[in-house]
Amino acid sequence: MADIVATNETILVVGGGISGMTAAIEAAECGKQVILVEKTPAVGGRVSQLYKYFPKLCHPTCGLEINLRRLKANRNIRLLTMTEVASVSGETGNYQVTLKTAPRFVNENCTACGECGKAVEAEFDDEFNYGLKKRKGAWLVSNMAYPQRYVLDPRIIGTPDADKAKAACKYDAIDLDDSEQETTITVGAIIWATGWKPFDANKIQPYGYDRYRNVITSVEFERMMDPRGPTGGRILRPSDGKEAKNVAFIQCAGSRDRNYLKHCSRICCMASLKQTTYLREQFGDEGKSTVYYIDIRAIDRIDDFYQKVQADENVTFIKSKVASITQDKDENPVLNGVNTEGYQRYANTHDLVVLAIGMEPSTAGSDFPIDVAVNEHGFIEQDESNGSIFAAGCSSDALDVNRAVQSGTASALRAIQVINRVASTEG
Amino acid sequence: MSANVQAIESYRNSFLKEVEANVEEGDWVKMCMQCGVCSGSCPLGPYWEHPPQEIFMLIRAGKREEVLKSSSMWMCTSCYNCIARCPRELPITHIMHGLATYAERLGMAPKNQPTRKFALKFWDNLTKKGRVNELKLGVSLYFMNGFVEGIKTALKAMPLGMNMYKTKRLNPMEYFGGHGVKDTSGLKAILKKAEEIELAKLKKTDA
Ligand SMILES: Cc1cc2nc3c(=O)[nH]c(=O)nc-3n(C[C@H](O)[C@H](O)[C@H](O)COP(=O)(O)OP(=O)(O)OC[C@H]3O[C@@H](n4cnc5c(N)ncnc54)[C@H](O)[C@@H]3O)c2cc1C
Ligand code: SF4
Ligand code: SF4
Ligand code: SF4
Ligand code: SF4
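Line by line, the protein sequences give chains Y and S.
Our numbering numbers the first residue of the first sequence as 35 and each following residue consecutively.
Our numbering numbers the first residue of the second sequence as 6 and each following residue consecutively.
Do not rely on the hints blindly, as some may be mistaken.
[Said to hold, decoys possible] Under the rule of at most 30 angstroms between Cα atoms (straight-line distance), these lysine-lysine pairs were calculated in the DSS-like manner:
#	chain 1	residue 1	chain 2	residue 2
1	S	K116	S	K133
2	S	K35	Y	K296
3	S	K74	Y	K237
4	Y	K168	Y	K204
5	Y	K353	S	K116
6	Y	K296	S	K206
7	Y	K200	Y	K296
8	Y	K86	Y	K296
9	S	K133	Y	K353
10	S	K22	Y	K353
11	Y	K198	Y	K167
12	Y	K237	Y	K106
13	S	K74	Y	K353
14	S	K187	S	K208
15	S	K157	S	K35
Keep in mind that the hints were calculated from the coordinates and are not lab data.
Use the sequences and the hints to build the structure in full.
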């Protein structure tokens with residue numbers, strides 16, 4: 035990667051989700067040089083894993099498409115996928131950053147024709163579908179993946195599958211000698227946009243995610259709705275493949291809880307309200323949703339959405355944090371607790387339980403390559419001591435797409451100010 | 006005082022303040038967010054008049070008589086299920102026992118509540134010699150509900166008693182005197198002092 039040109043007038047954006055893409059595009063459209071690094075083989079982040087997104091319920095393809103078009107059209111952005119930051123040193127306006135790029139084994143010649151995927155036999159858990167489905171050892175992350183370029187899983191290298199893939203490719207796009215690359219670059223400002231990860235549901239012992247097959251998380255539910263997802267777009271019970279028409283949503287699963295994440299994850303109330311519309315979409319009046327909540331936090335303009343869902347007769351709201359889940363002999367989850375409006379005790383049986391799982395910063399639990407100020411929840415603070423390292427999107431807070439995009443733009447403006455300062459002192 | 010604290014202050018009625026001042030861990034009551042997990046998790050919850058979350062609401066609503074005369078907190082078995090799950094980490098078990106103790110001290114506890122009666126017997130038994138005399142405690146429990154009931158229960162428990170005797174778990178001689186700590190009068194002095202301190206605290210908050 036000797037061809038990466040970067041100076042202290044360059045902005046580095048780490049993370050190619052909606053907020054990182056926004057930051058990179060906004061800065062580049064202002065004429066700044068930007069390097070955008072993304073850990074996975076494609077940009078888009080978690081938004082690309084949603085079926086639809088609130089409040090307008092559009093498919094992510096539409097929101098991402100416009101950004102992808104701007105990204106492709108802009109010559110000021112250099113995108114590096116499968117790349118992570120190994121180390122950062124330096125100070126405001128002048129950082130030395132070492133990047134590590136994992137081998138993809140597929141070069142620019144790839145037309146995404148898919149022949150290599152057909153030829154390879156080995157299958158692995160599909161990360162894009164949270165392991166609910168298998169993918170081939172030569173694969174394209176998703177239909178809308180950008181770049182539209184296949185990847186070979188390093189686990190097939192050195193096996194006959196690798197040779198099969200190479201033989202299948204008519205475009206000379208497969209390079210089995212590809213290897214990890216390390217590059218050190220200089221940049222003036224860094225935008226950290228590595229987003230979020232779902233809280234580990236296995237830790238919520240009373241809900242039995244690790245024990246009951248019909249208890250799933252909200253991110254998995256999104257994948258179920260995708261026609262190319264693990265269930266072909268149908269809401270089915272993992273235990274027996276039957277349609278799940280009576281679905282319980284448990285709010286604050288892992289959030290607002292001193293045993294797990296202390297903060298309110300902010301988006302999960304809206305996410306569940308949105309997901310109740312999936313049941314209506316799929317089963318009409320037969321699709322019943324029950325939302326168990328402490329309080330519904332649908333803020334400002336999305337309150338309209340809440341009111342609409344409240345008016346839906348097929349959606350029941352029960353004010354209660356569910357105490358525990360058990361299951362009956364048919365693997366139906368049974369929710370136990372007390373309805374705090376009236377103090378009635380319940381033991382309600384449902385077909386499927388969706389845990390509205392909390393958002394944790396993706397940096398939680400891992401070492402940050404340079405000291406930055408984070409708050410008690412692990413989100414990066416807007417702090418003087420961070421120099422010209424700025425957080426965007428969900429690495430700064432639990433945010434919805436709208437706010438993640440706003441924060442991406444804000445961080446681009448902050449970075450541009452630094453670059454302008456550097457440029458003027460160097461005259 | 007910040008504006009926030011001031012606003013919260015106006016919600017704290019006199020009973021909540023009384024609980025905060027006199028009940029063990031009573032300070033925590035205001036932290037409850039009424040999620041319902043404790044009530045839903047309590048194995049005895051279905052049999053309580055007011056499960057914990059409801060008690061906390063009643064305290065905040067200023068329902069002094071309803072709370073202190075209630076048999077509910079006497080039902081707590083200290084299983085700690087509620088504490089393990091409470092998202093706000095309230096020491097619920099301790100508050101339940103604290104409320105029961107406070108009600109007892111004020112003479113408001115329900116007289117015939119069985120766990121209360123047991124607690125008093127346990128205390129009497131323990132404070133005599135500084136060691137629990139299990140035989141005497143057991144026998145006194147058998148007769149808690151009257152003489153005839155007591156004989157019946159004792160007969161039912163006979164095989165168990167014999168087995169305990171054989172494995173040296175039970176010494177019938179304990180009924181006559183029984184073992185204790187070395188310095189019984191020292192123990193009594195400690196307990197007396199502790200009671201004085203507790204009563205002084207109570208007087209101070211009354212004033
Ligand atoms: C169940 C659910 C449903 C939701 N539904 C909606 C909705 O309907 N509407 C809505 O507005 N919001 C919704 N959200 C919120 C939405 O997902 C977020 O607002 C959005 O993903 C934030 O984008 P981001 O770019 O900040 O983070 P991400 O989407 O997490 O993107 C981060 C990117 O950084 C990459 N990355 C991570 N670590 C590194 C690293 N070390 N180096 C390089 N790259 C890295 C990741 O691979 C990823 O591409 C939902 C969330 C959940 C949990
Ligand atoms: S690597 Fe070759 S075979 Fe595989 S998708 Fe690309 S062009 Fe097709
Ligand atoms: S947004 Fe709703 S479900 Fe999510 S943590 Fe906050 S209150 Fe709980
Ligand atoms: S579990 Fe904790 S926060 Fe919830 S109602 Fe009980 S005491 Fe209150
Ligand atoms: S500790 Fe007491 S209040 Fe808490 S769950 Fe157990 S019995 Fe109920």
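Comparing the hints with the structure gives:
A threshold of 30 angstroms between alpha carbons decides the hint, and for K116/S with K133/S the separation of about 23 angstroms falls inside it, so the pair holds. Taking the CA atoms of K35/S and K296/Y, the gap is near 18 angstroms; set against the 30 angstroms cutoff, the hint holds. A C-alpha spacing of about 39 angstroms is found between K74/S and K237/Y, which places the hinted pair above 30 angstroms, so the restraint is violated. Simply put, K168/Y and K204/Y have alpha-carbon atoms about 25 angstroms apart, close enough for the 30 angstroms limit, and the pair holds.
Pair hint K353/Y plus K116/S does not hold up; C-alpha atoms about 35 angstroms apart against a cutoff of 30 angstroms. Under the criterion of a C-alpha separation no larger than 30 angstroms, the hint pairing K296/Y with K206/S is inconsistent with the structure, at around 35 angstroms. Pair hint K200/Y plus K296/Y does not hold up; C-alpha atoms about 50 angstroms apart against a cutoff of 30 angstroms. Taken as a hint, the K86/Y and K296/Y pair is honoured in the structure, with Cα atoms around 28 angstroms apart against an allowance of 30 angstroms.
Our distance criterion of 30 angstroms between C-alpha atoms is broken by K133/S and K353/Y, whose separation comes to about 49 angstroms. Annotation: proposed proximity of K22/S to K353/Y holds, straight-line Cα distance about 28 angstroms (limit 30 angstroms). The hinted pair formed by K198/Y and K167/Y meets the criterion: a straight-line CA distance of about 23 angstroms does not exceed 30 angstroms. With a C-alpha separation of about 41 angstroms, the suggested pair K237/Y and K106/Y falls outside the 30 angstroms cut-off, and the hint is violated.
For the proposed pair K74/S and K353/Y, the alpha carbon gap of about 28 angstroms is at most 30 angstroms, so the pair holds. Of the supplied pair hints, the one linking K187/S and K208/S is violated, its CA atoms being roughly 34 angstroms apart against a limit of 30 angstroms. Taken as a hint, the K157/S and K35/S pair is broken in the structure, with Cα atoms around 47 angstroms apart against an allowance of 30 angstroms.
Comparing the model with each numbered hint stated earlier shows that hints 3, 5, 6, 7, 9, 12, 14 and 15 do not hold.
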